[in-house]
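A.B. asks: For this one, chain A is given, so just place chains B, C and D on it according to the hints.
4 protein chains.
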Amino acid sequence: MLDRYSRPALREIWSDRRRFETWLEVELSACAAMEEEPGWGVPVGTAARVREKAAGRIDPARILAIEQQTRHDVIAFLTHVEELAGAEARWLHLGMTSSDVLDTSLALQLCAAVDAIDGGLGLLCDALRRRAIEHRATPMIGRSHGIHAEPTTLGLVFAGLLAETTRNRRRLAAARDEIAVGKIAGAVGTYAHLDPAIEARALGRLGLRPETVATQIVARDRHAVLFDALAVTAASIERIALAIRHWQRTEVGEAEEAFGKGQKGSSAMPHKKNPILSENLTGLARLVRGYAGAALEDIALWHERDISHSSVERVIGPDATMLVDFMAQRAAALVDGLVVHPERMRANLDLTRGLIFSEGVMLALVKKGLPRQQAYELVQRCALAARDANTALRDRLGSDDEVARHLSPADLDGCFDLAHHLRHAEAVLARALGEPGTGKE
Amino acid sequence: MLDRYSRPALREIWSDRRRFETWLEVELSACAAMEEEPGWGVPVGTAARVREKAAGRIDPARILAIEQQTRHDVIAFLTHVEELAGAEARWLHLGMTSSDVLDTSLALQLCAAVDAIDGGLGLLCDALRRRAIEHRATPMIGRSHGIHAEPTTLGLVFAGLLAETTRNRRRLAAARDEIAVGKIAGAVGTYAHLDPAIEARALGRLGLRPETVATQIVARDRHAVLFDALAVTAASIERIALAIRHWQRTEVGEAEEAFGKGQKGSSAMPHKKNPILSENLTGLARLVRGYAGAALEDIALWHERDISHSSVERVIGPDATMLVDFMAQRAAALVDGLVVHPERMRANLDLTRGLIFSEGVMLALVKKGLPRQQAYELVQRCALAARDANTALRDRLGSDDEVARHLSPADLDGCFDLAHHLRHAEAVLARALGEPGTGKE
Amino acid sequence: MLDRYSRPALREIWSDRRRFETWLEVELSACAAMEEEPGWGVPVGTAARVREKAAGRIDPARILAIEQQTRHDVIAFLTHVEELAGAEARWLHLGMTSSDVLDTSLALQLCAAVDAIDGGLGLLCDALRRRAIEHRATPMIGRSHGIHAEPTTLGLVFAGLLAETTRNRRRLAAARDEIAVGKIAGAVGTYAHLDPAIEARALGRLGLRPETVATQIVARDRHAVLFDALAVTAASIERIALAIRHWQRTEVGEAEEAFGKGQKGSSAMPHKKNPILSENLTGLARLVRGYAGAALEDIALWHERDISHSSVERVIGPDATMLVDFMAQRAAALVDGLVVHPERMRANLDLTRGLIFSEGVMLALVKKGLPRQQAYELVQRCALAARDANTALRDRLGSDDEVARHLSPADLDGCFDLAHHLRHAEAVLARALGEPGTGKE
Amino acid sequence: MLDRYSRPALREIWSDRRRFETWLEVELSACAAMEEEPGWGVPVGTAARVREKAAGRIDPARILAIEQQTRHDVIAFLTHVEELAGAEARWLHLGMTSSDVLDTSLALQLCAAVDAIDGGLGLLCDALRRRAIEHRATPMIGRSHGIHAEPTTLGLVFAGLLAETTRNRRRLAAARDEIAVGKIAGAVGTYAHLDPAIEARALGRLGLRPETVATQIVARDRHAVLFDALAVTAASIERIALAIRHWQRTEVGEAEEAFGKGQKGSSAMPHKKNPILSENLTGLARLVRGYAGAALEDIALWHERDISHSSVERVIGPDATMLVDFMAQRAAALVDGLVVHPERMRANLDLTRGLIFSEGVMLALVKKGLPRQQAYELVQRCALAARDANTALRDRLGSDDEVARHLSPADLDGCFDLAHHLRHAEAVLARALGEPGTGKE
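Residue numbers (my numbering), protein chains in the order written: chain A, 805 to 1245; chain B, 805 to 1245; chain C, 805 to 1245; chain D, 805 to 1245.
Isolated chain A (complex conformation) (with noise of 0.2 Å):
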């Protein structure tokens, strides 16, 4: 992935250096079980010497360069380990297959990824609840179709966008329990020249679990399912870009992206203020929803395994774990810094002259008697007229003769109090703050 969609953190992750020392780790971990494993012939602290004299010091070049001419890479690696550590490096890798090495590797990779991408969500998840509360008075329309409907609060959203996010939190936390998973069962999983008691021991040692029925590999339906979680997880941040832009538009005004000192909004128009940053994460989202297509089509392989999986795998296992990682932390620093308009968000709210409270106007009416239909035409009437006559929609009602007969000045008041509307919003915003994992519970 590009450094400018990926952090350091995660580009560590998947260097070919962490990679090749994962490796390594695997090995040992499946060298010093062996050595514990009565009758397995392996010298006790065979695991030990070899770590001490290749740990820290494999050379990724030397390795590639193998791979060159064995065209196969754990057999290069093999090859460099046994030039760094000797002859004793013969006990490594025994009765086992490259995918042993290569899927408990990849498990231990994608599980310190979704722990940089659950850091990043935390760090949303605090910027979002922080705002909620600071804005859980600040009243503003709710729109649905892009049209203005009835009045909700800016604390809400942001309690909502919090709720999502901790549902992420809690799908990548199952994700990743699915693919905490190693293997070391040999060709075909069968334990053939292994042992079910050296894999959990060599497993346990690394914080995994045996795969119930490997294959050559783990099964693949395991990583599908972190990538759709992946998916799933850019898509809720996109919603929160998409309502951030939509915000920031220019006729909208509510919110705005933090503009940076000597930021330039356009070479073109020198007065722009773009929302760009949240652009941006809403086309990070379709790539990551692309990842999530190949991952879904790795589940089925030939017999024991093929391995189409694998270079799939190369590309999108860094790819979308840097991608989300790197989606997370923007948007976590997006609506921490988010400047925000009350009062644009208020003037919206008289935009259509009381429209918006044309509900409570209909129910009241229905409360008098009011079939619902007549009372949902009578009120559409005197809407649209207020709307094309642009006048308040409280002056139509009040000069309406038939809405005179139902509803007193008093009643019509009252179904224009905005703190009326609100009532319920602490209640939810509560609920969407006492979940557990938003991570302050």
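Hints may be right or wrong, so weigh each one.
Note: identical chains are not told apart, hence a pair may lie in one copy or across any two.
Unchecked claim - Dumping the calculated DSBU-like pairs for lysine-lysine here, alpha-carbon to alpha-carbon at most 35 Å:
1. 1171 - 857
2. 857 - 1077
3. 1077 - 1172
4. 857 - 1172
Everything labelled a hint here was simulated from the structure, so no lab data went into it. Predicted, not measured: the structure shown is a model, and the values here were computed from it.
C.D. replies: Using the frame of chain A, we list chains B, C and D on its own:
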């Protein structure tokens, strides 16, 4: 979805009649909750009286006719209920918005569909479990890259597919829980003309929970998670189908789909038996992947909602659940009826004349003290020579001087012992059969 | 596809009846070609006699009943034709394989569907052209990032959408040409019991070309190209829908969907007019993208064919073409009936009080000799000050000493001249209206 | 993209240096056009002088450093050019917007990438053509559903793949034409501070055409078409890879990837030769499908543009073209070096002991006057009996009384004549080899 690829039970869940009857249930639940809530003014017994007049009598054609004029489905529905139940129907939908009805009903329909799918997956698990036990000691060649690798058993293959299917049942159960969420919270989720207590009461009656923070609708990340789980399940079934297709290849011949009496394989070639049911499943999985992609795009909607998700869900709600239900049922029947040819499995095991035991020989050499690379090259040399000369590897090794320096004839015999290779198969099988959720725990 | 999202004309193309009648046409074309080919032994007049007895009389229900037993659709069809036409039917399907019939028929159905879609796109082009001409001089603000940029005209927007739609018609025409290919070449495309001359004769009669090298089937890259073209077309229609949705936003109000008499916008809010038709198109485009993804997976089949593509095509053949046909028709009606508010466009043009002319000021400064960066910063300073103080940019610039050193009041006035900004609009419009394929060249 | 899956030539096209140098070319083309256009005020020779000072000297690191502050890449670039070329650089970018540079440059880079891909596809066509001619008379079994069907030739298989690859070259050429479009039309495509004549001049110099109606950018349907063509091309290469994987299966053994000297197939199993290059291509095709999906979502942007497409294109522009370029080159080498085993093909042809000739027998019976269904059932009965008894179909038929009533021994022999089956192979081959665009016409 075509009748060809759906079961009547699922078509019923998604029928117009069922949808409208579910809408009525939701309206009546809300109405009954309002009756019970003090100060709400809905006369006690309203819901019961409307139910008596309208439930089971909804006329979908009449609603569609009204919708032609109003271009609004819920208003058309309410108009029709008023036709059936008379003036009291005005107490329905009080303070509610269309999505309160639609999203709550969608949750009920999706839950019903997932329950049906789980039934099919249960049958599939039963079949896989039965065949795994039946073939727990049926040896077959394990293949990686389509190339013979080392022996495994057919029981283990079924056990692996059982473990994967069991995981999918758990995922679908988790996804069902995510979408078992309704909403009776009004136009923008603020309960402006409602009360959270009414929602809790009404949804509880329907077996649903309230959305933490609704907008006009329940958040769509929940639904995307379900469609993703369906796509993963479909791909896992595709994996089963792919295995059958490979086994049935003319050159492999290890298993084949049961061939119905009177069935014709080809209009041109009277001798053919084709794995068409499995191929069909392979194609259907592609469709479900496409539906999941569309669901991911539904997450980021405008503000408190735009209705773009609706047309998507009208199609993929039925189509994706019908297909996966159909796939589960068909896969269960396929596995159940699969004609297995153990004798061809044995013949194929011998096809490489012992090459599949080469790893054991290499490991025996390593244990005798040979460096790993040297052992690898020695065995590779013998293996390729045996292959080119079409002689048995055991014979070729027996006549190799260098091999003889390290391994006795008895050592070599041990390397070619099938039972030894498969000594852990039972333990792995037990692991899969004992998993919670496999249907027989 | 749901009736709601498809037209009867398209449903007819994909009906069982039409499919079976098309199969008959293909069989009869092949039969007639064999009659004409010397030495083939088919009695002259066979095709004519079978046609007389069977054409127009195919009973889909009967065929499906037979298929229940044979599990093979083409054999069931042939059996039924024999029921209708008697013994002479044995001359049908001679040396042919099912796919000879199926793929050739699919080509005919797809061509018919594309022709219908092109009709809808033609209507859309007509509407876009008419509205482009109508609003060739209607100024509106151009927006990038949702932020006011510089003026454009509504006519230009329509012209751009016209150009894009015209490109899609060309692409669909090219894709139609790619799939206007049939195959009467036998079980694996070798004409083992046929003759290329017969195929050429038979397909020519049907308006198709022979596949260059068939396997059992016509190659599926051809079909993928068509579904991709449909997905691009759907996304272009989504672009039109998105424009309308933005224009109709409460705060923007520049245009809106025509609102049917009696139509109701919301069950809860009587005042609302929502752009639901456009939102609907937005959702449908997501579905078509999903179908295109499935078609891409159909390309790489096993050897001379596997039948996994068949279930995919049974679904997406109808669904994708029906949806795009429906989308084209709906988009045409939407554009045709769009209610435009030029006065709101003028009001919005003035919303930033002249900021949208800032680039012209900057360029004027550069032409007077200021370095670009200095000019940029000078204008940005004035623009942000005007924005913050809510004064007109023209006034703010007029009172700035540094600006005054470079630009006279007349220079400044020139920078704020709308007509000057739009002086090239006519030329661009002409470019779009004159393109071949726009329907009026 | 990983070095592992990309060629240096493509990495150069997408390097920072190349991108910035291309930007400079676009700016200089526009500047030169302004010099030539009367009344524009740009001093003659400006472009030449700036080129002399700046071309080939762009320092990407310096631009990225400036971008850190401005957060705007084109402004950072222009600032750097001013550092290199001095005051005259103020004549660059006059009246232009960033996208004038970016989109025009992107077109040039994409065209260069497509040209490189076409080179690889040309090599692939050469290899397919050569192998098709080499094996024009190598018989092999044709397979449908993975089941032996009727004989074909390896030459025909290669010819079919050649025809498909040739189609992809034509599609990519058409897509290249679609994106060979630039734009120098200002902030919203109105030429407010520019002139269509200048654009035409500047783009002509670069080998591009002007966008018919630009917004701030070139319309994104054009780019989606290119990424779709890449996805189809990738899937066609996947089809080639899949064929090789099937041929190399242990049980089939008809062809195999060339195995490099020193290459190791498996870390555990020294005897293995795995089709890993083909499997790798299978995986890469999945990635390209994912990229195409993202491109389709870039089409519907907000108003005159939002920048969400940009992050998508920064990733998939390089990644998709690099992968398809790599795939084409690898596929060419694979086909070129493929080790073919005609003797295994012959052996496999005999595997069913004549069942593959059953259709000819059935047709012979029909020609003798048997009703089709009766002939079908007669041959099916004999075929299944022969299969079950493992006897040759010719023998089984020869001993069947009912068959004998219709067919003489000589008739039967004719049905089993391989040469007769393949008599049209040459004509089909000629059709594929003679197609325009196959590289040797």
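A.B. asks: Each of the hints needs a verdict: does it hold here or not?
C.D. replies: The hints, checked one at a time:
no.	hint	verdict
1	1171 - 857	between (84 Å within a copy, 22 Å between copies)
2	857 - 1077	between (56 Å within a copy, 33 Å between copies)
3	1077 - 1172	between (50 Å within a copy, 26 Å between copies)
4	857 - 1172	between (87 Å within a copy, 24 Å between copies)
Going down the numbered hints, you'll see the structure goes against none, and every one checks out.
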